[in-house]
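Protein chains in written order, with my numbering: chain H, 2 to 192; chain F, 2 to 192; chain W, 16 to 258; chain C, 16 to 258; chain D, 10 to 360; chain L, 10 to 360; chain A, 69 to 144; chain V, 69 to 144.
No lab work stands behind these hints: they were computed from the structure.
Be careful, since some hints might not be right.
Stated by the list, open to error - The following residues of chain D were derived to be distant from chain C, with all beta-carbon distances above 12 Å: (1) Val205; (2) Ala214; (3) Ser298; (4) Trp333.
Said to hold, decoys possible - Heads up, simulated EDC-like pairs for lysine to aspartate or glutamate below, C-alpha to C-alpha not over 16 Å straight-line: (5) D/Lys266 - F/Asp122; (6) L/Lys266 - L/Asp212; (7) W/Lys20 - A/Glu102; (8) D/Lys338 - F/Glu67; (9) C/Lys26 - V/Glu75; (10) L/Lys266 - H/Glu139; (11) D/Lys287 - L/Glu312; (12) D/Lys266 - F/Asp113; (13) D/Lys266 - F/Glu59; (14) C/Lys20 - V/Glu75; (15) W/Lys26 - A/Glu75; (16) H/Lys82 - D/Asp215; (17) F/Lys82 - L/Asp212; (18) H/Lys82 - D/Glu312; (19) L/Lys287 - D/Asp342; (20) L/Lys338 - H/Glu67.
Ideal placement from N, C-alpha and C gives every residue a C-beta, glycine not left out.
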Amino acid sequence: MKETKILIAGAGGQGVVVVGNILSRACVIERKNVVGMVAYGAEMRGGTAYATVILSEEEIGSPFVEHPDMAIILNRPSLDKFEPDILPGGMALLNTSLTGSMLKRGDLQRIDVAATQIAHDLGNVKVANIVTIGALIEHTKLLSMASVEQGLSDLFSSKNPKLVPLNIKALRAGAEQSRYISLRPAVSTRS
Amino acid sequence: MKETKILIAGAGGQGVVVVGNILSRACVIERKNVVGMVAYGAEMRGGTAYATVILSEEEIGSPFVEHPDMAIILNRPSLDKFEPDILPGGMALLNTSLTGSMLKRGDLQRIDVAATQIAHDLGNVKVANIVTIGALIEHTKLLSMASVEQGLSDLFSSKNPKLVPLNIKALRAGAEQSRYISLRPAVSTRS
Amino acid sequence: MAVFKRTPILKDQLTHYCPGCGHGIAHRLVAEVIDELGIRERTIGTAPVGCAVLLYNYFNCDVIECAHGRSPAVATGIKRVQPDKIVFTYQGDGDLAAIGTAETIHAANRGENITVIFVNNAIYGMTGGQMAPTTMLGQVTTTTQHGRGGQGEGPPIKVCELLSTLGGVCYLERTAVSTPKDVMNAKRAIKKAFQNQIDGKGFSLVEVLSMCPTDWKLSPAQSVDFVNEKMKPVFPLGVYKDQ
Amino acid sequence: MAVFKRTPILKDQLTHYCPGCGHGIAHRLVAEVIDELGIRERTIGTAPVGCAVLLYNYFNCDVIECAHGRSPAVATGIKRVQPDKIVFTYQGDGDLAAIGTAETIHAANRGENITVIFVNNAIYGMTGGQMAPTTMLGQVTTTTQHGRGGQGEGPPIKVCELLSTLGGVCYLERTAVSTPKDVMNAKRAIKKAFQNQIDGKGFSLVEVLSMCPTDWKLSPAQSVDFVNEKMKPVFPLGVYKDQ
Amino acid sequence: MAEAAIQAGCRFFAGYPITPQNEVPEYMSWRMPQAGGVFIQAESEVAAINMIFGASAAGARCMTSSSSPGISLKQEGISYIAAAELPCVIANMQRGGPGLGNIRASQGDYFQAVKSGGHGDYHLIVVAPATLQELYTLTMNAFDWADYYRNPVMILGDGILGQMAEPVEILPYQPILEIPEKDYILTGCRGRLSRVIKTLILDPADGLVRHNEHLQEKYKRIESEISLCEEYQTADAELVVTGFGVTGRIAKAAVRKARKKGLAVGWIRPITLWPFPKQAYQEAVRAASKMLVVEMNHGQMIEDVKLATECAVPTEFMGKGGGWYPDEKSILDKIESMIKQPAAAAKGRVS
Amino acid sequence: MAEAAIQAGCRFFAGYPITPQNEVPEYMSWRMPQAGGVFIQAESEVAAINMIFGASAAGARCMTSSSSPGISLKQEGISYIAAAELPCVIANMQRGGPGLGNIRASQGDYFQAVKSGGHGDYHLIVVAPATLQELYTLTMNAFDWADYYRNPVMILGDGILGQMAEPVEILPYQPILEIPEKDYILTGCRGRLSRVIKTLILDPADGLVRHNEHLQEKYKRIESEISLCEEYQTADAELVVTGFGVTGRIAKAAVRKARKKGLAVGWIRPITLWPFPKQAYQEAVRAASKMLVVEMNHGQMIEDVKLATECAVPTEFMGKGGGWYPDEKSILDKIESMIKQPAAAAKGRVS
Amino acid sequence: MTKIRFETHRCKGCGLCVLFCPRKNLRLSDSLNEQGLSYPEEIDPDGCTGCGLCFRMCPDTAIEVQSPKKDNQDKQ
Amino acid sequence: MTKIRFETHRCKGCGLCVLFCPRKNLRLSDSLNEQGLSYPEEIDPDGCTGCGLCFRMCPDTAIEVQSPKKDNQDKQ
Ligand SMILES: Cc1ncc(C[n+]2csc(CCOP(=O)(O)OP(=O)(O)O)c2C)c(N)n1
Ligand SMILES: Cc1ncc(C[n+]2csc(CCOP(=O)(O)OP(=O)(O)O)c2C)c(N)n1
Ligand code: SF4
Ligand code: SF4
Ligand code: SF4
Ligand code: SF4
Ligand code: SF4
Ligand code: SF4
Ligand SMILES: [Mg+2]
Ligand SMILES: [Mg+2]
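So that you can see chain H by itself, here it is in the shape it has in the complex:
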């Protein structure tokens, strides 16, 4: 892995920025180069929000991600918007509670996790975003779960330490209750 580009997309308020932040922190802990980025909609409210993270062993050029290697998709509109952008043969992590589990493209690999449902069951739909991180890390091993937990604790303890345990729980639930689905890449079958 030389450079991995991750996109996190969802509705404003679903916490996409937090996901980017935690992944970036974990990278720094692992001494990887990293550039995170956030895009809001109209100045702040509404619309689709997304964040991106690029991790690399080398100097990072463009901070923009146009074609992510992997995308965490938190709701339906984001799926519609970003599915076409994912790199051929890339990966989509779906919050199936809100996206359903239909992909239009056949060339993608998929991680399914009913993140909002899991979060709801944990007592707070707001941690759905953290659930997806757990799932991502579990199946890609992009980073070690320990660094992610560390990053998560660092972030929340500066803001509101009381939230740490719930979020750790969500992280683990995501790791456990997600599923990796490898479709044979459509493109390569034809070639």
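Guided by the hints, dock chains F, W, C, D, L, A and V with the ligands onto chain H, whose structure is given.
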């Protein structure tokens, strides 16, 4: 006469702009080319105010007058300020009520008129400026007195027709009570 | 039989507002008033810079989006050119009472025959919860993290009280959308403010105390309590001028 | 034995003001107050854009010339950096109540601990006599040639009344310099406004009704009558706030 | 200018007093109502430009006028008006800067007018009259251009224009362009779909990129359609002198004197500063081996001259800011000294 | 940036919220009081810049921050500050324009920053960081330059800088210049003559002309003393690619790929936009026969590149405004196509 | 006859309708709409009086009420 | 002993001192100062009470009054 440059200088409120305006109007009446200009001090109040008029038979280039052929000087500070600028051998018309009748330079021709005093005697010191016009025209024949009277009437009748008679009086008083003093130009004596 | 349903001037369009946001209610009231007065086809609205910037996505009438705070000046330009049209501005507290202070006061004092809907949520909603001129003493925002007042921010500005001293103003009322009764009353006031314009009476402004759950970091229910318990004592409801 | 003579802080410098201009009297009062309070060496004044722009030619203390209308913001910057200094602004009606409306209101509401001398001559002096926000109804100016009010200019803005609704304000008084008694009273008010600042009480503003013979196109004597007979009824003298 | 505006159908004026252009609002304040139009003395320049935003959106031919510091305050509004493609005319009677400066003649705001003093990529059509007669005519044209291209037009005067008196022949207004019906203005949506005028462009994601491309295409079109300048004996000139506005006029007088002395000097005065009349310069440097740019500032238009000629010939500068103005004699001296010294490596690249 | 400012001794911040830079005032609002400084949320950008005017006159290291429309509103104030020679730091985290535009990455305000968006002849020192680390360092330097030259310094960010997260090494503040005592600030006139800070300059008659000359001399000095850029393999490059800020960074990645493919491509990224690092470009075009300028706008810095190189080589442009950004691949494609086609008349004058 | 209809796709789950129903006849659903949010449902299908308060407080005009009472549309 | 002194070079001839002298003891001169303006002069050299009103109304601090009365400098 191809191009004549006139400067009118005094304190704000002494009506230098009106002088420029009347001379310009008279030029238009005589179908001469003319460019008038006004310079105020700080945005509007105080300081020395001056106006310039360029009359010419030809197309006029620069609207700026740096070295006037003739200068109407309404008060002392203006004399101090502008005497050095007058063209060698040019003419200074002095409102001797306020400037005194001392010139530093010996190469200038001079018209003396106690304009403020005359105006005061006519009942309104504010027409001192008009008095100086009378003197200028009388001695230089730059324009016909008729055109100047016409220009003056045009100006005041649009503003305040009641003022016309007093101003005409002032104009004539200036013509009558002024004195032309020709000093042998210092420069040429020496050469 | 009474029917309560979305009035036609409101497009069937999901708003971008957060859950429990008072803008949604204020929008409905303005829309109903325009429809009830039958003036949709001669109404021109202004969108502010603030959470309501996309107002034209929801209102089916002519709308112009103005630079931050300048709606009253823009509305002045429109109304003077087309005095037969009904011109309203819709502004937040940052827009109207901070950057737009001068435009507000002078349009009011000129007695421009326009209607101003002023949504006071005591915060900068769109930019993520900074102090507004109407933020209350002690209220925590992202730029007053220990509560307004500690660092020379002064107390909240009371727009109706301020404008009530201006000769040109016709009508000022402060309302809220935090109880059903307040909502009904706000609608009455908004209707009156439009009717004044139709009658050529001059500058009318209706202030609407409104919820911003997101930037207050409260639930919608708590936000309603915040308006009723915290804001109303500081911003008393009522008519401040009516000539 | 009493001596009435130019106070030392006023430089021996002829002013550029027109004959009978009220700025001259207002300058003297401010200068005397500064001298009497012994604060010259820790005073920083602001010059406005207006006829008083050259104020620093007459006052022997530190002065900063500000962009038109922005003196309260500039004074805020200075005072916050050097809270131990005495900071005053000196502003005309165009400066303070037109282009500077927002800066005035917000500095006042923040309760900035500064002193504002507000010279209201109901006209734009420096630019040659255009309507000011405080021009009276019916008053002829170069931009209201049939008298203010006919073309939607609204009535004059009353600054003391307007600011009195703001929580942050400490002291507001309207005075005049059109009779010897008024002049004495204006001096008392100005002194109080400076004393308030010394005492850390916050925003104080003294409005001074003042003559502008030139742009009113009146003689100095008529100008005095104009203030006394025309302006005072519209702008009642007195204390508008004192906390 | 004010009367020309009214002749051209301007029916809305909003402004705030500032020397040297107070005569404009003063004139408008009594003339506008006579003409059935609206005059507003705004509370500030910021309010004035935003009233223009509204009046233009409501379909009126409209105008505002100010001088340097006031124009700086209008920059946000100007960027909005350009973005919304609303027509209007903005006059800047420049004074000495920076800061409060003074009220003498100046050309210090060339960059601000031409390179966009506000944020974002936009262009004003900018014209620089040199005589009051030209000011009169260009003011009329400005309204036509504004409506035709849906673009703000700036009249960049030298301050002195407001202080000068010259006879002007009052010509009746004759539209120079056929103005399409304004199908974008807000009039209430009777009998049609509702309209929106906005500058926040979010949808689709590349909406603002496309809007910018649309604007740039329009600017290209304007560049190909408008370009005004006055030339004098450039065909055989060894040295071409150039300057805009009143400076151009003074330079011309100097050039005429130089010609009388038998020097091969030509002259260009750009009348439109944007679009810049590049072609005239390109043609001039085919013959000429040197250029002299005269400005009442510290070197602004010279950049456009160099860019227009691709730095083909050595280009010297003469100018200062803050109220300085060139006199014929010093320009003539400069011309003579430049003609004497041989062009370094004429026509080639020179540093 | 905010923390770097505080480290560098900034003790006064006034700003008005605007996306994308809200984090700056928010951070300042809690950090400043801790550091014994002043944070004011102003009522507008106009008020904010004038508070800075006052705070700087009172001797504080001070800063304001905004984004495009807000910076347009500050233009009058900026011209005043430059005229009064007061030091301060102004950050512009550019967003898409013109008008309200959007909040995407943009470089549409290059001209405004570099050619003076306000009135009159003045210059800001303008720096364009490409990484958060550089933003941190340049912010510190900015305060030193401001004080040393008594001149406002603008940090021209690409908007995205405010949305990016990158690890930053927190270095302690080290002054890069010896700052002379501020003998112009207003502190009350105890024990000294009274001082005046002003920008209206009437006396003597040519006072403002002289003040402008003084400013221009200072600018010349700054031009000779500051000039920062980053270069990569320009010595033997046939084609030199250039861009500022984040665009420069992306271009570099493309150039590195091109080098890997064996193409003779070099790269320059100006760090100071004013003074513009002319020399680097002049040297580059000794070897190179072509240039490519990449910007997130419709062609602004390209003018300075051409002027710096005296249009010595054909210079192409790649860019758009409104939130567009270049990707490595399209730059690489462009590089390949430019390298393939022979330089028209390499080194000579080309149109 | 009173009838209440929810446009659940418009609902943002703020719960203001639930809060203000004088009959306490509304609750938020357990299931979620497309946006992933709970929406209101009636507790007792006959409990609604058609007072319209829920409509009045709904920021998203996600509720329609047919009421037996007086005039329509909350008119004033 | 009361003494009034005019700094005539400062005087702009506005006449406010004349207008407000309660003893009507001032008038504007017939002669003019350097600026070409009339300036005040006393009518009756003993008529002045030293009340200081002329000083107080003079916009140009062109008058100095030595008054027998109480405190100096119009202090408050
Ligand atoms: C000139 C300018 N300054 C600042 C902004 C950023 N801005 C956008 S909305 C806003 C404030 C919004 O608050 P408010 O007016 O109270 O409306 P709300 O969102 O609370 O409804 C600000 C400061 C801008 N777009 N333009
Ligand atoms: C931004 C800006 N706008 C306008 C002006 C022009 N201007 C100078 S002074 C002034 C008004 C002066 O009136 P006021 O504040 O009442 O002071 P006065 O002269 O009456 O004492 C104006 C509009 C300016 N210098 N700067
Ligand atoms: S931020 Fe506040 S005001 Fe803005 S939409 Fe959300 S709740 Fe409403
Ligand atoms: S114009 Fe008016 S305010 Fe200005 S100096 Fe003259 S009298 Fe005074
Ligand atoms: S109409 Fe009234 S009773 Fe029926 S659900 Fe709504 S609030 Fe409850
Ligand atoms: S009030 Fe409206 S948006 Fe809120 S929960 Fe009820 S139906 Fe949904
Ligand atoms: S001091 Fe009093 S009495 Fe004497 S001249 Fe002056 S006003 Fe008259
Ligand atoms: S009041 Fe002063 S300026 Fe006026 S006439 Fe008397 S002495 Fe002269
Ligand atoms: Mg708000
Ligand atoms: Mg005034």
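Evaluated hints:
{"no.": "1", "hint": "Val205", "result": "holds, 27 Å"}
{"no.": "2", "hint": "Ala214", "result": "holds, 36 Å"}
{"no.": "3", "hint": "Ser298", "result": "holds, 46 Å"}
{"no.": "4", "hint": "Trp333", "result": "holds, 22 Å"}
{"no.": "5", "hint": "D/Lys266 - F/Asp122", "result": "violated, 49 Å"}
{"no.": "6", "hint": "L/Lys266 - L/Asp212", "result": "violated, 60 Å"}
{"no.": "7", "hint": "W/Lys20 - A/Glu102", "result": "violated, 22 Å"}
{"no.": "8", "hint": "D/Lys338 - F/Glu67", "result": "holds, 11 Å"}
{"no.": "9", "hint": "C/Lys26 - V/Glu75", "result": "holds, 14 Å"}
{"no.": "10", "hint": "L/Lys266 - H/Glu139", "result": "violated, 33 Å"}
{"no.": "11", "hint": "D/Lys287 - L/Glu312", "result": "holds, 15 Å"}
{"no.": "12", "hint": "D/Lys266 - F/Asp113", "result": "violated, 36 Å"}
{"no.": "13", "hint": "D/Lys266 - F/Glu59", "result": "holds, 13 Å"}
{"no.": "14", "hint": "C/Lys20 - V/Glu75", "result": "holds, 11 Å"}
{"no.": "15", "hint": "W/Lys26 - A/Glu75", "result": "holds, 14 Å"}
{"no.": "16", "hint": "H/Lys82 - D/Asp215", "result": "holds, 13 Å"}
{"no.": "17", "hint": "F/Lys82 - L/Asp212", "result": "holds, 12 Å"}
{"no.": "18", "hint": "H/Lys82 - D/Glu312", "result": "violated, 45 Å"}
{"no.": "19", "hint": "L/Lys287 - D/Asp342", "result": "violated, 31 Å"}
{"no.": "20", "hint": "L/Lys338 - H/Glu67", "result": "holds, 11 Å"}
Violated hints, listed in ascending order, are 5, 6, 7, 10, 12, 18, 19; each of the other numbered hints is respected by the structure.
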